[in-house]
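Whenever a hint applies, use it, and build me the whole structure from the sequences.
Residue strings, one per chain:
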Amino acid sequence: EAGVTQSPTHLIKTRGQQATLRCSPISGHTSVYWYQQALGLGLQFLLWYDEGEERNRGNFPPRFSGRQFPNYSSELNVNALELEDSALYLCASSSVGSGNTIYFGEGSWLTVV
Amino acid sequence: GQNIDQPTEMTATEGAIVQINCTYQTSGFNGLFWYQQHAGEAPTFLSYNVLDGLEEKGRFSSFLSRSKGYSYLLLKELQMKDSASYLCAVRDALGAGSYQLTFGKGTKLSVIP
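For the protein sequence lines, the chains are A and B, in the order given. So the number in my numbering is just where the residue sits in the first sequence, counting from 1, plus 314. So the number in my numbering is just where the residue sits in the second sequence, counting from 1, plus 906.
It cannot be assumed that every hint is accurate.
Away from chain A, derived, C-beta distances all over 10 Å, residues of chain B [stated by the list, open to error]:
no.: 1; residue: Ile923
no.: 2; residue: Ser933
no.: 3; residue: Asp958
no.: 4; residue: Glu962
no.: 5; residue: Lys974
no.: 6; residue: Lys982
no.: 7; residue: Lys987
no.: 8; residue: Gly1010
Here are a few chain A residues that face chain B, going by a calculated C-beta distance under 8 Å [to be verified]:
no.: 9; residue: Leu357
no.: 10; residue: Phe359
no.: 11; residue: Phe383
no.: 12; residue: Leu404
no.: 13; residue: Tyr417
no.: 14; residue: Phe418
no.: 15; residue: Glu420
If you are wondering where the hints come from, they were derived from the structure by calculation, not from laboratory data. Ideal Cβ placement from N, Cα and C applies to all residues, glycine included.
Here it is in structure tokens:
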């Protein structure tokens, strides 16, 4: 069974541009979570989607947004990129059937120059 | 909100036992998770405690005391491949169906020969 998949693996953008990151959850999982892991920092919760709806968001500015599609895949959009947005962005998924344990993808490295 | 503390770094010898502590202060509690994260990789799920006591899974055990806001991860028969960061995470009880996790900053474990 395939795990959580994310694309792209690496992304380099210029300050002020927009970045779009994509995530496909484990088959059968309806919840998708996005986390940011900046160098030397812990995982910071960004967004949680379930059944196509945004259920909760962390303490991030509105330029961080996303959506979940009918097939439960998700994308994270970061507008007006700033240098401090450089980080590993991790997507995770869960379902009631998995005991709501969260399983992570390999992440997307975003570098803003 | 959540406040989760764990030591920043630990060093232990191959074949030995190491205990990584985690304390938390939360407005709600609905389970505590431990993840392992090798450098540059995604976190992988290790264990889950929601009731007080010890959960054993092979060389790894995790303990929870809800009254003390305390957990530990015990690693036995340490191997070099156990060198990684260990992340403590708490699931809040914000409301029905709230399953996101709040993570500590992680403990970097170095296993030496």
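To see whether the hints hold, each was checked on the structure:
At the 10 Å boundary, the C-beta of Ile923(B) stays outside the reach of chain A, the nearest C-beta of that chain being 25 Å off. Interface exclusion of Ser933(B) from chain A stands, the closest Cβ pair being 14 Å apart, more than 10 Å. For Asp958(B), the shortest C-beta to C-beta distance to chain A comes to about 18 Å, beyond the 10 Å cut-off, and the non-interface label holds. With a least CB separation of 17 Å from chain A, Glu962(B) remains clear of the 10 Å interface cut-off, as annotated.
The beta carbon of Lys974(B) is kept farther than 10 Å from every beta carbon of chain A, the shortest such distance being approximately 22 Å. The claim that Lys982(B) is not at the interface with chain A holds, since no C-beta of that chain comes within 10 Å of its own (minimum 23 Å). With 10 Å as the threshold on Cβ separation, the claim that Lys987(B) sits away from chain A holds: the shortest Cβ distance comes to roughly 18 Å. With a cut of 10 Å on Cβ distances, Gly1010(B) falls inside the contact zone with chain A, its closest approach being about 6 Å.
A cut of 8 Å between beta carbons decides the hint on Leu357(A): the least distance to chain B is about 4 Å, and the hint holds. A distance limit of 8 Å between C-beta atoms decides the matter here; for Phe359(A) the minimum to chain B is near 6 Å, and the interface restraint holds. Given the 8 Å rule on beta carbons, the hint for Phe383(A) is violated: about 20 Å separates it from the nearest Cβ of chain B. Here the hint on Leu404(A) is kept, as its CB sits about 6 Å from the closest CB of chain B, short of 8 Å.
Because the smallest distance between the Cβ of Tyr417(A) and any Cβ of chain B comes to about 6 Å, under 8 Å, the interface hint for this residue holds. Evaluation of the Phe418(A) hint against chain B yields a held restraint, the C-beta minimum of about 4 Å falling below 8 Å. Proximity of Glu420(A) to chain B holds as hinted, the smallest CB-CB distance being about 5 Å (cut-off 8 Å).
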